[in-house]
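Below, each chain spelled out in residue letters.
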Amino acid sequence: MSLRLNDLVVSHAGKVLVETAQLDFQPGKPVTIIGESGSGKSLLAHAIMGTLPHNLKAQGSLVVDGHVYDVSDQANRRRLWGRTMSLLPQEPVLALDPTMRTRDQVAEGAPTFRTDKQGSRRAADALLTSLGLTHASTAFPHTLSGGMAQRVAFAAATIGGAPVLIADEPSKGLDQRARAELAELLRSHINSGGILLTITHDLDLARELGGELLVMKDAHVVEKGAAGEVLTNPAHPYTRRLLAAEPSQWRHQWMRNTDGIERADGAVGGSIESSGTVLVSGAGLGKSFGGQELFTDLSLEVRAGERVALSGPSGSGKTTLGNVLLRLLPPDAGTVQHSDLLQRGRLQKLYQDPALAFPARVSLAESLGDVVHRHGLDHTRLEELMDSLRLAPELLRRRPGQVSGGELQRIAIIRSMLLEPVLMFADEPTSRLDLITQEETMMCLMEQVDKLECALVLVTHDDALAAAVTTRTIALGTPSSVTVPELELSAP
Amino acid sequence: MTNAVAMQELLPAPARDSKRSKWLADRTVMQLVSAALLAVLVIFAVAGPLIWPDHAVQDLSRFLEAPGASEPLGRDHLGRSVVARLAHATQLSLVMAVLCVIAALLFGSLAGIAAAWRGGWVDSLLHGLSEVFIALPALLVVLVVSAIANGDLWTLCLGLALAQWVEYFRMVRARSGLVLAGPAVEAAALLQLGPVHIIRRHLLPELRPLLTTMATFGLGSAILALSTLGFVGIGVRPPTPELGLMITEAFPFYHEAPWMALAPVLVLTTILIGLLGLRSKESQA
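Protein chains in written order, with my numbering: chain H, 1 to 492; chain P, 493 to 777.
Just so you know, the hints here were simulated from the structure itself, not pulled from any lab data.
Yeah, the Cβ is synthetic: ideal placement off N, Cα and C, and Gly gets one too.
Just to be clear, a hint being listed does not mean it is correct.
Which chain H residues stay away from chain P? Per the calculated CB distances, all over 12 Å, these [stated by the list, open to error]:
1. Glu19
2. Gly160
3. Glu229
4. Arg390
5. Asp462
Just the calculated beta-carbon pair ranges, DEER-fashion [as the list claims (entries may be wrong)]:
6. Asp104/H x Ile765/P: 53 to 59 Å
7. Val336/H x Leu696/P: 57 to 63 Å
8. Lys15/H x Leu617/P: 58 to 64 Å
9. Gly376/H x Leu696/P: 42 to 48 Å
10. Arg390/H x Gly686/P: 30 to 36 Å
11. Leu628/P x Gln292/H: 54 to 60 Å
12. Thr99/H x Leu628/P: 32 to 38 Å
13. Leu764/P x Arg177/H: 58 to 64 Å
14. Ser130/H x Ile765/P: 43 to 49 Å
Coverage of chain H stretches by chain P, computed from C-beta distances (three or more under 8 Å per stretch; other residues unrestricted) [unchecked claim]:
15. 336-349
16. 352-362
Construct the complete structure from the given sequences, taking the supplied hints into account.
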């Protein structure tokens, strides 16, 4: 088995979107492409599969086991799909058919599906069982967690026995445990002699997979080499920039728990915690969802100026606990007290998907204008904030759907900061963004938080991000039990 | 999915140009033709009664006269001008249908928003009421109301609105419920933005495409319901000209004077096809 891609060029209306020289893929040696959104890495995968959008032009050739395929003709690789090459698409929850049970959709990919429906269903069941999904074989996709949906998609992609597997952003939105399971799955594909191409912006996943690493920026491969080598000794400035964008590498003025970084005002951060007034206090909180207990008898306080993380795997009730603390949801047991300081909009929230946090059919200028108008603010404050968060004022003329995720999240930050909040609740604000955009967005948020000395409650499943941004972590455990109900300080 | 993502990355939507040219560019040929057809009908309904005011003047000597230069659609069995009657009937149908759709839409959407917003007993009450109306066939409601009304136009209109408001109520309630439960409205509440902002920025923009589509179809069904009632002799009473009534009256003379029946049928068909064509492209609801 061998796969080689020669001189691929993908372009749209004369603009080159992907340009690569020869790429070789060998069984047992994973190839990973990293780069930020829009660098063309997904298009590379689609060019190999022959699933590019129709208005894109592709040139080059693909050699599969000695057969040469012209990349510009998309249809010539159709018969390879599922048997020789398969694609693990982005966002498995959306890629799965919502009206089909998981076993049936996995069975559709089996080589014998046309001739032996029962047999392929049995094969699908066997595969799902080997992936630890026995109980999910008759479930519909919307009932699955992100990690489970990813494994179902993996089963559907691999049941045809395709030796070439292309995984497009497989770890997007997954927590650490689900990501570790995913890496395990992808490694099993390599160990059984398959060819693996992974497209990701997740450096941890790239590290776990090893093999060869390509770094893409602006349609070109800027660096290429063994994963370990590239990730420890980056040669290209862009790769260095990418590595520095990992939360564990952050060094910023607003960070409180970094050793040796003097703040501009000379004070060493990290001492406000115990002295501030209590903004929110919850006592004996309990909440369950559909018979599943998320947390019980949980007591906690958030003080002015402090930075707290709510962490834990997906489904552990982090967001629910946050909403209970914000009094957006009533707890099943216990009480939540708010300080008077939080009156009049001094308590704000950032959402995981900013596109849903704005009215979809009106321009951003109108949405933000209402906030300015309602609170009798000066319009120049909005302009100042736009400027200090490095956003062009023209962006406001667009609707939420016409702005990129990172920019929209920054506009959401501006909207909250207009009211000079005392407590900011950020619900996974960057979990859908790539590393560089994540750093940019968090910097915008934290500069404002630091300036206003506002308290921050950050919900995240990324421990490195929690450690970089906050000084205290409240960890929620598995969905069935809270393992660490007491508060623990992660700062030294 | 991934293709859609790629496309979005490639083609960031340009800022909007002038509204008018965009409106034209977004229409299909079918929609433009339908709009033109409807425009012709509206002109006929507005100008027709002014050009041919005497729809009730009988001249039995010109009974069943064929279309000619002086009478474009001939005369009916009582020697009345068919084109005059048709113009008045078209006007009546359009005005009644518009009034009835406006009434149904206003009441239905306000009730829908109220039910979704307040929930609790308001929701239960309105929802229960809508269930009652949905259980009754629409024409039966109109029949009962018009039997009470005995040919009064306003009551007939009210009856039609009563039969139609449920659709608006149910759609608006369902859609508003989704919008009001969403994070955007939660964020608006945290920003202390009041009900005016929520209605103006969140609800109305979300409901507008839905309501225009429903109103277009509602207009068609109201016109059809009116003429159905006229046809079976319950709605508008003679001698008032009405499309359905005119068809009934023309039936006995179908062989001698086919134009008499054909004229109202053509007008009805044009209205319905025009309304359908106007919404032929899937609206962005």
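| task | Please count how many residues of the segment 336-349 of chain H have a CB within 8 Å of a CB from chain P and say whether that reaches 3. | result | holds (count 5)
| Do the beta carbons of Val336/H and Leu696/P sit within 57 to 63 Å of each other? | Given about 34 Å between the Cβ atoms, the range is violated.
| field | Verdict on Arg390/H as a residue remote from chain P, using beta-carbon distances over 12 Å | value | Given that every Cβ of chain P is farther than 12 Å from that of Arg390/H, nearest at about 18 Å, it holds.
| task | Take a look at whether the Cβ-Cβ distance between Ser130/H and Ile765/P falls inside 43 to 49 Å. | result | Violated, at about 59 Å.
| Looking at Glu229/H again, its CB stays over 12 Å from all of chain P? | holds, 30 Å
| said: Quick check on a hinted range of 32 to 38 Å for Thr99/H and Leu628/P, using CB atoms only. | reply: Roughly 34 Å apart at Cβ, these two residues keep to the hinted range, so it holds.
| Far enough from chain P: is every CB of that chain over 12 Å from the CB of Gly160/H? | holds, 19 Å
| task | Mind checking the hinted window 58 to 64 Å against the Cβ distance between Lys15/H and Leu617/P? | result | Hint holds: Cβ distance 59 Å, inside 58 to 64 Å.
| message | According to the definition I'm using, a residue is off the interface if its beta carbon is farther than 12 Å from all beta carbons of the partner; does Glu19/H meet that for chain P? | response | holds, 16 Å
| said: Taking the Cβ atom of Leu764/P and the Cβ atom of Arg177/H, is their distance within the range 58 to 64 Å? | reply: holds, 59 Å
| Asp104/H versus Ile765/P beta-carbon gap, inside 53 to 59 Å or not | violated, 42 Å
| Are Leu628/P and Gln292/H spaced within 54 to 60 Å by their CB atoms? | Since the Cβ atoms of Leu628/P and Gln292/H sit about 44 Å apart, the hinted range of 54 to 60 Å is violated.
Going down the numbered hints, you'll see the structure goes against 6, 7, 9, 11 and 14, while the others check out.
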